[in-house]
Amino acid sequence: MKPAAGPAVSRPPSLAALVCTDGAAPAPSLGSLRGAGLGGGSFRNPVLAGDHPEPALLQDGADYYLSCASFQSCPGVVIWHSRDLVHWVPIGAALARVIGSVQAVNLIQHAGRYFIYLGVRTPQGTAIHVVHADDMRGPWSAPIDLGLPGCAAPAHVVDEAGQRHLFVNGLQRVRLSDDGLATAGGLSGTDCPALESARMLRHGEFVYLITTASGSAVHRATVARAPSLHGPWEACPFDPVTGSAGAADPWQTGGPLNLVQGPAGDWWMVCHGHEKGFRTLGRQTLLQPVGWTREGWFRVTGSALDRPQRTPRGGTAGAEAMAAAGLSDDFTRDRLGTQWSFFDAAPDELRRAHYDGAGLLLRGKGTGLADCSPLTCTVGDHSYEAELDFELIGAVQGGLALFHDARGFVGVGIGDGLMHTYNYGQEHNWTQQPVLGVRHRLRVTHHQQRITFEHAAGDGPWVQNPWLNEVSALHQNVFGGFPSLRPALFAAGAGEVRLRRFSYRATVGLAALAGTT
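Just so we're aligned, residue 1 is where the sequence shown starts under full-length UniProt numbering, counting upward by one.
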């Protein structure tokens, strides 16, 4: 006997109801309450909320560009643009084909051309690829395999003679051709003390090699410098990363450390971090001020990561950041790569989606939520509401889910005249309920990691799905791998789903309602 449908959901207050305890309303960014800019010359981390791991940062005049590891998502390697290091807008994806799991990237500009060196893992092992473009907005080249099996974590640097090199695995170096698209010799070792996730920096009379390694409880960093790329290397006498491993700390930092000058010439560091109590959001991008000692080593300065910081001087938010659309999508323009990507994409995955003037047609794949490679987007809010309006075409199941990976998800699908309920990686057949029609709406309310789904047939009334879910365990430390928990739109079976409208609205979390931020 099927349980009766529950009552309508009592949802958290809307965006208009938000009041922060410090008196400053966060500036919405991409539909999120967690925009970093607070106004009055201050910001609060993260500067990119939600899963943006292994950030790579490039300064090009007044412009800053950032890209992150995209793992099994396609399109992947999204490029973000900023003019103040605080407000970021996606401008495109550099990788439109599947080459493996992209786990580390290095974004550089050399001789008027842009390059992204990609550390890629496949079933055969790790390798380094490169893509290039004359404009950061593309078009980007097809990926080129540099023929470095077993190598990862690429870091590009130019030596004193103008020759190009890659450091890989934190410990080895290989010379590149002048165009940066091939190797010009074999791997050689260094005498440099290093870990992994390398970044190279020239500052003053030294070249600096910054490497990091992250565990479940601590973030380690090593810094070494040398007058020449060829050594001799001198280890930093102290650890430049401070206060990220204590049990009470709100953030656990990690990933490669990127040092860059702000618009006014001061120095800043970008890395990623896990937020205490919200590991489901993935690894979020953090910005911290940096100071240089008289001896030529850098130290992290500024307030604790959960406190307001002064905004880098001299920058502007930029017209595109101020005009950035939210995550809501009416599917009238192509946002594949800037918002949507396929999870665990096959080589021909992008052919499943095309715009027909009435929405985005998504061809079915697999038999259910676990094997259908859903379209996902990144969110960074503690609480939010997402809604999908869609139409079924043929023998297909369409739906809305929160998806970590093929083993960890919750969601609701409509197909074969039934509502299908998924919980923690499996469908519960005993929860199936009959539904009518081909046009449906689904809504998920995510409130401090408690989940409620609702369904409406056509323009009919909302009815709550009677099964509630708690999703705080759907993260990397439990399920392994690297994904975050993301809203997902899916189509499974032989037919198609027309996605008509997706709406996203951040809501106030329980902490804010209780008087804390």
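Hints in this document: simulated from the structure, not taken from any laboratory. Model, not experiment: these values are computed from the prediction. Just so it is clear, CB atoms sit at the ideal spot from N, CA and C, and this is done for glycine as well. There may be inaccurate statements among the hints.
Claimed, not checked - Cβ-Cβ distance ranges computed for the label pairs, FRET-style: (1) Leu468 / Asp330: 22 to 32 Å; (2) Arg113 / Asp330: 30 to 40 Å; (3) His428 / Ala248: 13 to 23 Å; (4) Thr332 / Thr183: 39 to 49 Å; (5) Thr183 / Arg220: 55 to 65 Å; (6) His203 / Arg175: 19 to 29 Å; (7) Gly231 / Gly150: 36 to 46 Å; (8) Asp266 / His428: 51 to 61 Å; (9) Ser328 / Arg220: 45 to 55 Å; (10) Gln163 / Asp63: 20 to 30 Å.
Against the structure, the hints:
no.	hint	in the structure
1	Leu468 / Asp330: 22 to 32 Å	holds (30 Å)
2	Arg113 / Asp330: 30 to 40 Å	holds (36 Å)
3	His428 / Ala248: 13 to 23 Å	violated (39 Å)
4	Thr332 / Thr183: 39 to 49 Å	holds (45 Å)
5	Thr183 / Arg220: 55 to 65 Å	violated (29 Å)
6	His203 / Arg175: 19 to 29 Å	holds (23 Å)
7	Gly231 / Gly150: 36 to 46 Å	violated (23 Å)
8	Asp266 / His428: 51 to 61 Å	holds (55 Å)
9	Ser328 / Arg220: 45 to 55 Å	violated (41 Å)
10	Gln163 / Asp63: 20 to 30 Å	holds (27 Å)
Hints 3, 5, 7, 9 from the earlier list are contradicted by this structure; the remaining hints agree with it.
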